[in-house]
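The listed protein sequences correspond, in order, to chains S, D, V and F. 64 is the number that the working numbering gives to position 64 of the first sequence; each next residue is one higher, with no gaps. 86 is the number that the working numbering gives to position 86 of the second sequence; each next residue is one higher, with no gaps. 181 is the number that the working numbering gives to position 181 of the third sequence; each next residue is one higher, with no gaps. 297 is the number that the working numbering gives to position 297 of the fourth sequence; each next residue is one higher, with no gaps.
Calculated from the structure, these hints are not laboratory results. Treat each hint with caution, since some may be false.
Pairs count within a copy or across copies, as identical chains cannot be separated in the list.
Stated by the list, open to error - Here are the computed lysine-lysine pairs in the DSSO-like style, where the Cα-Cα straight-line distance is at most 30 Å:
#1 K36 with K109
#2 K56 with K146
#3 K146 with K242
#4 K146 with K36
#5 K56 with K36
#6 K146 with K109
#7 K56 with K109
There are 4 protein chains.
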Amino acid sequence: MAIPSEESELMASPAPLRVAVIGAGYWGPNLARNFKAAPDWELAAIVDMDRARAAKLAAAHGDVAVCGSVRELLDTVDVDAVAIATPAHTHHGIALTALRAGKHVLVEKPLADARAKGLEMVAEAETRGLVLMADHTYCYTPAVLKIRELIADGSLGEILFIDSVRINLGLVQPDVDVFWDLAPHDLSILDFILPGGLRPAEVSAHGADPLGTGNACVGHLTFALSGGGMAHVHVNWLSPTKIRQLVVGGSRRTLVWDDLNPQQRLSVYDRGVSLDAQSRSAAERKASAISYRLGDTWSPALPEHEALGQMVAEFASSIWQQRPARTSGAAGLRVLSVLEAVSSSLGAAGRPAAVTGNEFQLEGTR
Amino acid sequence: MAIPSEESELMASPAPLRVAVIGAGYWGPNLARNFKAAPDWELAAIVDMDRARAAKLAAAHGDVAVCGSVRELLDTVDVDAVAIATPAHTHHGIALTALRAGKHVLVEKPLADARAKGLEMVAEAETRGLVLMADHTYCYTPAVLKIRELIADGSLGEILFIDSVRINLGLVQPDVDVFWDLAPHDLSILDFILPGGLRPAEVSAHGADPLGTGNACVGHLTFALSGGGMAHVHVNWLSPTKIRQLVVGGSRRTLVWDDLNPQQRLSVYDRGVSLDAQSRSAAERKASAISYRLGDTWSPALPEHEALGQMVAEFASSIWQQRPARTSGAAGLRVLSVLEAVSSSLGAAGRPAAVTGNEFQLEGTR
Amino acid sequence: MAIPSEESELMASPAPLRVAVIGAGYWGPNLARNFKAAPDWELAAIVDMDRARAAKLAAAHGDVAVCGSVRELLDTVDVDAVAIATPAHTHHGIALTALRAGKHVLVEKPLADARAKGLEMVAEAETRGLVLMADHTYCYTPAVLKIRELIADGSLGEILFIDSVRINLGLVQPDVDVFWDLAPHDLSILDFILPGGLRPAEVSAHGADPLGTGNACVGHLTFALSGGGMAHVHVNWLSPTKIRQLVVGGSRRTLVWDDLNPQQRLSVYDRGVSLDAQSRSAAERKASAISYRLGDTWSPALPEHEALGQMVAEFASSIWQQRPARTSGAAGLRVLSVLEAVSSSLGAAGRPAAVTGNEFQLEGTR
Amino acid sequence: MAIPSEESELMASPAPLRVAVIGAGYWGPNLARNFKAAPDWELAAIVDMDRARAAKLAAAHGDVAVCGSVRELLDTVDVDAVAIATPAHTHHGIALTALRAGKHVLVEKPLADARAKGLEMVAEAETRGLVLMADHTYCYTPAVLKIRELIADGSLGEILFIDSVRINLGLVQPDVDVFWDLAPHDLSILDFILPGGLRPAEVSAHGADPLGTGNACVGHLTFALSGGGMAHVHVNWLSPTKIRQLVVGGSRRTLVWDDLNPQQRLSVYDRGVSLDAQSRSAAERKASAISYRLGDTWSPALPEHEALGQMVAEFASSIWQQRPARTSGAAGLRVLSVLEAVSSSLGAAGRPAAVTGNEFQLEGTR
């Protein structure tokens, strides 16, 4: 008699998980579409205070319940998980309610609008053994997955510098500055690709609000990398040109990700400066120990898949396997910690500000 | 009897000025070639401690004297001016010697390797009524001249942000960091194009030396602009890609100078974000007061001329007209002041450092 | 009593026209979506031999009838017009059936798979006073509309040369060559932007089938423009790089449309070569009469709108106003005429082939 | 007693060859500079009818004779070789005179202004055992050398298509059309990189002279490649944008050379369309046999060297080794043969014209 192996049991498809999308505004429809299309998921409900908006989104996906509040959802629809795509200041309340009702939770970035709130969310999920996942969508794009792989397998060597630029004519927002609006993308990507995650001891941030909108519209943030390198992030709502570019300079190779160049998104340069390792003593620090490498450029082919599809699949996998998601609540919290330090530094005229919370490093959260 | 008009007198060419080029290394040959070709100048001597090197450069230009030292030059050759293209730490000594001998002086960037030395040089020239000019070559390129004009005539409006990037696989140098090597270009350009010159109250600098060369190889510096905007300069010796780009974001238009794109060096974008001027009170700071402008892009044709030729012509004009040069010693000093503050900030782990010397604002130096 | 002015009468919305989309494959869903969204139209039915495919598309748009054949459509659903998005060889049969049933007809490009068939379709529509429109979608993009305007208002001057490149890794097709697959786009655009439409006397075509697929996969076609200039079209299924670029060189300015550069789709160069007009006699043809113009580059802002939306609006307008559509059946026929000549030239090893059908120039078809 | 090995004898530098540069106009100075710098050569004389112009060029290079005519050169200066950089219509006369005087000859492109003249030059050199070399400079650039290598070693597979574009605002010339001015570059490159050299049976050319200058200013030429592929060359004097690009599409990989992109001159795409080789029968020609390959892109690092330096070195080597130069007179003749066919095709309104002279294939000339 054949006994199923553990693997084949894992392979056997369990029944789809039931999920509700909370928030039918800008991002909710994308989540709904991807949950609908995923074999792992059954889209069970759309929730929005604007019930008409919820109903319209639900109608596009067939037999889906419509709720006007989270309370109504929890009272009337049986779901395993919720996906929160509401304004940032509401994430904390909704997530805690859902977690306390035993639901797994996916949260749109940023995890919350304050580190303390995020910490409470992570702790609640941890206590209850539920998955709390941050929707760091970029981390599921083929480009970022490839970058992570190239760093992890040593192709780039040690990281010497990182430069992330995310600028365009952006929607100036009344209640959030350009750091909190755009930098979560950059920071969540860095958290994902850096071997130890995003754990700077302190950050410096410089911003400007030259139009007098009440919030910084242009910003630069820098922090030291372990190993002596540095990272810089430039976010800007006022630029008429659109740039989304990440450079990861390594001791072996340097990688450039130009997200707006579909014909050559990733370029890996086998060019650089080297210092003879044996002469790294102060006495030997001389130009003569420096050499230059002029090698080929390589642009790896990337598979075509939609990042959100991978993300909802990971949400399901992490629930089934009872493990933290790849972009876990803890990852979202690390991003929040840096954002709070950014605000502190901004408030202190650019003086470096300590990043709190690196003490909070749950076992297994990455 | 015909009386010469004032104009024709001005038009009458005076006898060419006689100049010696000091330093026959990397930059000296460029200066020699341009002085040789200029109608205003007579190239009288080449000076280099390596007399053979001086002789070789002299030979390429016909009847030119060769000297092994500045002393020998002053003793044996009759010159009106000297052009100093030696290492930065020697500028101060050579310039003072020449000024004290009554010579006008052109100095390669940076003006000196310390602000105090530059100050002494400027004071000496001022006292003696001699021209002390900084060779800020970029300020004589067609692109920078056009940028200055577009800012001065209001085409860009108020300056909201500046982003200057100068990165490539650079010659890592043993005795100077990447800020002192590359940023003088960016800072001298900013000094030239900003209506009031380069006068930040303080700057923040963040650098890294991930290869352990003894000096920062990657650097970011930021400072506030008058009017609420901010400037950022990125210099980097470790980048396998070469970028030389300046963005000047204005309230009316935004300009991008891409020096490595000969087919479209300057682009002026009539696109941007505006805040209704009348609602700039705190109470009215609302997204509703913000509007977006989506206009044309324009790339002005630029004349073709060599910057160094314009620069040596300006040196002659400033001598004849007994006025400060466009890129005066004072301009060089403003650049030095910022560089010293950069070093202070770097030494203070990125804390903002005050820029000294803004008290030194000679009449007429700009 | 108020009498409605002519304008307000025009403004009064008539009842929407009822349309069926025939063909639920690749393009049909795009047509359906745009008819559904248009105030001028009511999407009444989806027709496909694969009834399940039709039903799926219909379901996405609410209350829409499903038919398995054109016959069934005409027998059971009341429509004013049909939009045909089926394979090219079926256009003729379906269009004639629909026209004979009194329906206005929109046809996917190319109008038919042979000129004679297209001619019959145009004649049938003409006889019956019905609109026969070619879905030359590109002609409704903001870029092409702007190009047409710049040519019509004389901004470019006389057209000296045209170069249209449409290459990428294409779907090699078993029953059509690269000219019939891709060149209809280029030819329909040229028909739209050239003041007199696309009416070359003859064309030369050169193609290759280096993989032995049975059809040309790489092709170049050239023809003379009235006025002495020439046009060239390059189509290619085998290119790993994707280029969609049209250059229109004019005696006053030259325009480049790079459809894959969203940040600067259109560039207008005020640069060029001029010949002194008064010296255009043979005796005076000398280099000395030639001058060069080095002016600015200008990139006009383009409005954002979906081309298909404009196209279906034009279909409605042409029906209401009882006039030929901007991309009329006659325009489609001109494209077919050139394609047939291309095939003739290809069959004659590249010898120029006459374009028939320029005798067929219906009044008012443009 | 040590006996020198054959190798060391070969290595022993022979005395430099003595060369005269004939023509001190645009290109002559470049040749003079490179001969002067080459260890293999001694620059012995400059020849120009404008003796002052010759003298000026000679003066820049030290002890070099000045002649006003080829006759004077041959009578008064002892040279091994001459380099001809005069107008094309004078090449034949000067070259024959020099060859008959026993001199090796390097000729600026094109070899002559008519195929018959070129043939006579090649025959004369052949008879006398002298080197006749065409200055196909591009063939000595790192990029073209690499392209030749990638084709020769099978990296690209079989060549499916070639597209060469050379357009910019060019100097419209009174006595030559755009094909004879620009296409020699493209054709000499193709001759160099195609495994069998440039030997089309016939070519088609289409040109236009929309300004009425008397010569074609815009041109397209096409011809079939052995193996079923095709080549296309676009030359244009009227384009405000400058493009110098060669695409070589292969069955295994496709190469793009963008000569104006110094940061990525060569790109090799491992992307393409394949046809299952075993199904290349007519019966099996189906889309199902076609597959698509989506691989990486690779940009090889290229060494930095000046092409002209390599070219003059090859001239010396071919003389010493008594072998045809890599860009031999026969290569120049093949280019001429195609250019004459181009003119024939142009004169026949674009009908394909046979390329004569493929019967003339000297042993060992490639």
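Structure-based check of all given hints:
1. K36 with K109: Within one copy, since 21 Å is at most 30 Å while 34 Å is not.
2. K56 with K146: neither (37 Å within a copy, 37 Å between copies)
3. K146 with K242: both (23 Å within a copy, 23 Å between copies)
4. K146 with K36: Within one copy only: 27 Å inside, 40 Å across.
5. K56 with K36: both (15 Å within a copy, 16 Å between copies)
6. K146 with K109: Within. Shortest intra-copy distance 22 Å satisfies the 30 Å Cα cut-off; inter-copy 40 Å does not.
7. K56 with K109: within (24 Å within a copy, 34 Å between copies)
Comparing the model with each numbered hint stated earlier shows that hint 2 is the single one that does not hold.
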